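Chains B and Y are the protein sequences, given in the same order. If you read the first sequence in our numbering, its first letter stands for residue 3, the second for the next number, and so on. If you read the second sequence in our numbering, its first letter stands for residue 483, the second for the next number, and so on.
In short, the hints are calculated from the structure, not lab data. As the structure is a prediction and not an experimental result, all values here were calculated from the model. Do not take every clue at face value.
Facing chain B, a subset of chain Y residues (Cβ under 7 Å, in silico) [claimed, not checked]:
#1 ARG589
#2 ASP665
#3 ASP692
#4 ALA695
#5 LEU724
#6 MET745
#7 SER746
#8 ILE748
#9 PHE794
Derived pair list, reagent style DSSO-like, types lysine-lysine, alpha-carbon separation capped at 30 Å [said to hold, decoys possible]:
#10 B:LYS243 / Y:LYS818
#11 Y:LYS681 / Y:LYS536
#12 B:LYS245 / Y:LYS562
#13 Y:LYS818 / Y:LYS841
#14 B:LYS230 / B:LYS115
#15 B:LYS245 / Y:LYS720
#16 Y:LYS759 / Y:LYS536
#17 Y:LYS630 / Y:LYS688
#18 Y:LYS536 / B:LYS243
#19 B:LYS243 / Y:LYS759
#20 Y:LYS656 / Y:LYS681
#21 Y:LYS829 / Y:LYS753
#22 B:LYS245 / Y:LYS536
#23 Y:LYS562 / B:LYS243
Just so it is clear, CB atoms sit at the ideal spot from N, CA and C, and this is done for glycine as well.
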Amino acid sequence: MSILVDENTRVVVQGITGREGAFHTEQMLEYGTKVVAGVTPGKGGQSVCGVPVFDTVREAAQATDANTTVLFVPAKFTASGVYEAMDAGLPLILTIAEHVPVHDMMGVYHIAKSIGCRVVGPNSFGVISPGKAKVGFMAHRIFLPGPVGILSRSATNCYETVHMLTSRGIGQSTCVGNGGDMIPGSTFVDILPLFEADEETKAIIMIGEIGGSEEELAAAYIKANVTKPVVALIAGKNAPKGKSMGHAGAIVSADGTGSAQSKETLLREAGVHIAESTVDIVRIVADVL
Amino acid sequence: MDLMEYKAKELFGQYGLPIGEQVVVRDLQQLPQAKELRFPLMVKAQVPVGGRGKAGGIQPAVNEQELEQHAARILGMDIKGHTVKTLLLTRLVDIDSEWYLSILLDRDSKRPVIIFSSQGGMDIEDVARRNPRAISRLMIRSDIGLRKYGAQYLLNKQGIDSAYLPAFWELLQKLYRLFCAYDCTLCEINPVGVLAGGKLAAVDAKVSIDDSALYRHADILAFRDEMENDANVLEARKFNFLYIPCDARGSIAVISNGSGMIMSCIDLLAKNGLNVKAALDLGGGATADRICEAVRIVLSNSDIKALFINIFGGITRCDEVAGGIRRYVEEYDTGKIIVARFEGTNKSQGIEVMDQLGKDYILFADGLYEGVQVLVERRDNP
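Work out the full structure: start from the sequences and follow the hints.
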């Protein structure tokens, strides 16, 4: 097993004829992901790497048995692309672009919840279940199949962690890029139950950062519901206050809300192992496995 | 992006919010324009930070002589590292009482939330700490929207006479319209001045706009560079880099290709006693040209003595990263320490380029921790 994506995932790539879309379609196919259709308005009838292109997501969904979509479209078109995928009935929508307006995401978030569709991202590298499928743009050569499930607000911190895990021979069940924005489609609390239920996952790594209260909510959830060992890293302990650190979501308010300290305290109380750094994560994971 | 009061009030004005009469001046020659306003006036420094009042940046003036004195003193004044370049002059009105009203984007509920208090004019966080009941909150569901019962509820919760309902409802609707139309993360009126006769006035104004949505607000985008007083931030912006000033006492800089990695580097360096003065996020496209520009911008800061470049990319070509460092060395070399770590395709070619540079202060480190270690050793044995 694994979560969200695997060998049965059949992917639509929205924005497939763009530079990024075409490049990563090739990469995903090379990894073995079943990319069944592409969508670019006005380019229906073409093909990219042998994948048929449609004008609309609905046509792509009708012509194929797609069950997932990934958006390689610019931030300003992300919300409308997500709505189109929801309307076409696709249950899993991964969005890659960063700088999606937060008011757009407010709308996307609540509509997704109300119709029971799962959105991951934006500002995300996607989702990979090593050895089975990758949907997104992550550097797949560093991943290795295995027992560790990862959720991360940061792509680079996830890469660093995976790189070190893999060099120690510790593989991953699924790695989920929750994304670095203020309003992610899926928060830690949305993904944790999937890892808890997944038989292949024996330990969970949660890579959080300053800003917001996702980690605090995750702490409460873990305390009540998660039996598997969880290791967490909170990046940004020494980041200056009141400044956004690049990720729109990574900002500590002047009153201290969103600080690394409050997150670590609550996670510790919930029985989560706190790692000081990415190298520390690997040491702890090797111990708890 | 946080707007300064005068810009926020311009937006308030466009949405029919009661800002009263105001004049913006940028030098003393413009003071006569203030004659349109009647005394007494408030002279208010315009800076993108809080605490203006405490710093002496807000003063009342009852006549022309006082106006000139205050204006001359406040223009050019330094408030928390920001030079006052703009003054806002507003008519001083008689206020019976002060309320607090804001609409902000609540990250937990992922909805706009109205915060209202009958105790305005103070730091709202302090009010909340002292007496949580002095503040009422109301969430706005996008599918239902803002409704009049919400205004009634907030007034009742704060024990305010319903006679204020028409004026308060109008104020709230206009503020919410602005909040939605300008992609705001915060619209705050603190204080709402309750005038004799029951009218309401926005005595101060604070507006924060989502940076990611600035592309749909050309009027605000044009104003953005005016807010920034750090030359490095502005220079970096030209190349679509994000330059983040960090610890003022620091002497190290970090360049990386992602926010998470930048935070991890800062944390790891700090843990080893090295304080980071500034960080630069390359965003996408770590090409040789861009790396060279990024290094040039960061090392132009004379306080920065050493640089850690940490690139972990899936598709980033390491020979491009190293090529950028070589170009920097050829064109601008300052003799400052550069430690580079990269991971991605063509790594061995990248290392070869670094080796060929043959400078003992420009080093490759094979890993994040190894890189930090090199910087620690260099500090201890310069």
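Next item on the list: Mind listing which of the numbered hints don't hold for this structure, in increasing order?
Entry: Violated hints: none at all, because every hint is consistent with the structure.
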